[in-house]
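S.K.: Read off the chains here:
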Amino acid sequence: AQRVTQPEKLLSVFKGAPVELKCNYSYSGSPELFWYVQYSRQRLQLLLRHISRESIKGFTADLNKGETSFHLKKPFAQEEDSAMYYCALSGSGNTGKLIFGQGTTLQVKP
Amino acid sequence: DGGITQSPKYLFRKEGQNVTLSCEQNLNHDAMYWYRQDPGQGLRLIYYSQIVNDFQKGDIAEGYSVSREKKESFPLTVTSAQKNPTAFYLCASSITGANVLTFGAGSRLTVL
Chain Z
243 AQRVTQPEKL
253 LSVFKGAPVE
263 LKCNYSYSGS
273 PELFWYVQYS
283 RQRLQLLLRH
293 ISRESIKGFT
303 ADLNKGETSF
313 HLKKPFAQEE
323 DSAMYYCALS
333 GSGNTGKLIF
343 GQGTTLQVKP
Chain S
47 DGGITQSPKY
57 LFRKEGQNVT
67 LSCEQNLNHD
77 AMYWYRQDPG
87 QGLRLIYYSQ
97 IVNDFQKGDI
107 AEGYSVSREK
117 KESFPLTVTS
127 AQKNPTAFYL
137 CASSITGANV
147 LTFGAGSRLT
157 VL
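As given, the protein sequences belong to chains Z and S, one line each in that order. In this text, residue positions in the first sequence follow the numbering used here: the first is 243, and each later residue adds one. In this text, residue positions in the second sequence follow the numbering used here: the first is 47, and each later residue adds one.
Don't read these hints as lab results, they were simulated from the structure. All the pointers check out, no bait thrown in.
A short list of chain Z residues far from chain S (calculated; beta carbon distances all over 12 Å):
no.: 1; residue: 254
no.: 2; residue: 255
no.: 3; residue: 264
no.: 4; residue: 270
no.: 5; residue: 299
no.: 6; residue: 305
The calculated label-pair distances, taken between Cβ atoms and stated as ranges, are:
no.: 7; chain 1: Z; residue 1: 245; chain 2: S; residue 2: 143; range: 17 to 25 Å
no.: 8; chain 1: Z; residue 1: 320; chain 2: S; residue 2: 87; range: 27 to 35 Å
no.: 9; chain 1: S; residue 1: 115; chain 2: Z; residue 2: 257; range: 46 to 54 Å
no.: 10; chain 1: Z; residue 1: 283; chain 2: S; residue 2: 127; range: 28 to 36 Å
no.: 11; chain 1: Z; residue 1: 283; chain 2: S; residue 2: 73; range: 19 to 27 Å
no.: 12; chain 1: Z; residue 1: 310; chain 2: S; residue 2: 90; range: 18 to 26 Å
no.: 13; chain 1: Z; residue 1: 268; chain 2: S; residue 2: 144; range: 18 to 26 Å
no.: 14; chain 1: S; residue 1: 132; chain 2: Z; residue 2: 297; range: 37 to 45 Å
no.: 15; chain 1: Z; residue 1: 310; chain 2: S; residue 2: 132; range: 29 to 37 Å
no.: 16; chain 1: S; residue 1: 99; chain 2: Z; residue 2: 352; range: 47 to 55 Å
no.: 17; chain 1: Z; residue 1: 310; chain 2: S; residue 2: 60; range: 44 to 52 Å
Ideal placement from N, C-alpha and C gives every residue a C-beta, glycine not left out.
With these hints in hand, go ahead and build the complete structure from the sequences.
M.R.: This is the structure we're talking about:
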C-alpha cells in the first residue's frame with residue numbers, strides 16, 4: 243500500500259539551528275516525492291520536488307530509495323520558516339493524485 | 047489574477063442537511079481535486095477529475111459527491127450520509143500529466 247509517514251507532529255528549534263523534517267514512504271514502484279508548505283494564513287504551496295534537485299529557501303531534500311526516505315533539511319533555520327510542512331508522494335502514471343503525510347509543524351524560536 | 051477560488055470560506059450546517067462547496071479555477075488546468083484536511087491526519091483525497099464530465103473516487107469518497115460539467119468548476123457536495131463532515135476542505139488543480147498541485151484557500155465546514 244502507498245503510504246507517507248511524517249513521524250513528528252511538532253518540531254521546535256531555535257533560530258540558526260539545523261532543521262531536519264523526516265519523511266518516510268512506502269511504495270513498490272518509482273515514486274515522485276514532494277514537500278508542500280503552508281505558512282500561517284497562506285495557501286498550501288509546493289516547496290520542492292525531488293526530480294528538480296534544487297534548493298528552495300535554503301531547503302533541500304534527497305530521495306533515499308534504500309531507506310525509502312525524503313527528509314527535508316535546512317542548515318540554519320529562520321523564524322519565517324515556521325509553518326506546517328507536508329511530505330507527499332505520487333505513484334506511477336502522473337495522475338496528479340498525491341498521498342500526503344500527516345504533516346509536521348515547524349516552530350522556529352527567536 | 048489567476049488562481050483557484052473556493053467559497054464559502056466558512057459554512058455552518060445542521061445535521062441532516064446537504065451542503066455544496068464551490069471551487070472555480072481560471073488556470074486552464076484540466077485536472078481538479080478535493081482534499082479533506084484534519085489535524086493529525088494530513089490531507090486525504092475525496093474525489094478527483096482529470097477531464098470534464100469524468101471523475102474518480104479518492105480514498106474517502108463515501109458521503110460526498112461531485113460534478114465536473116465545466117473545466118473551470120468542480121463543486122463538492124457533502125451529503126447527510128457523511129458521518130463526520132466537520133473539516134477543512136481544500137480544492138486543487140493541476141495540468142494533466144503534472145504532479146504539481148495549485149491549492150485554493152479552503153472552506154471550513156462546521157456541522158452543528
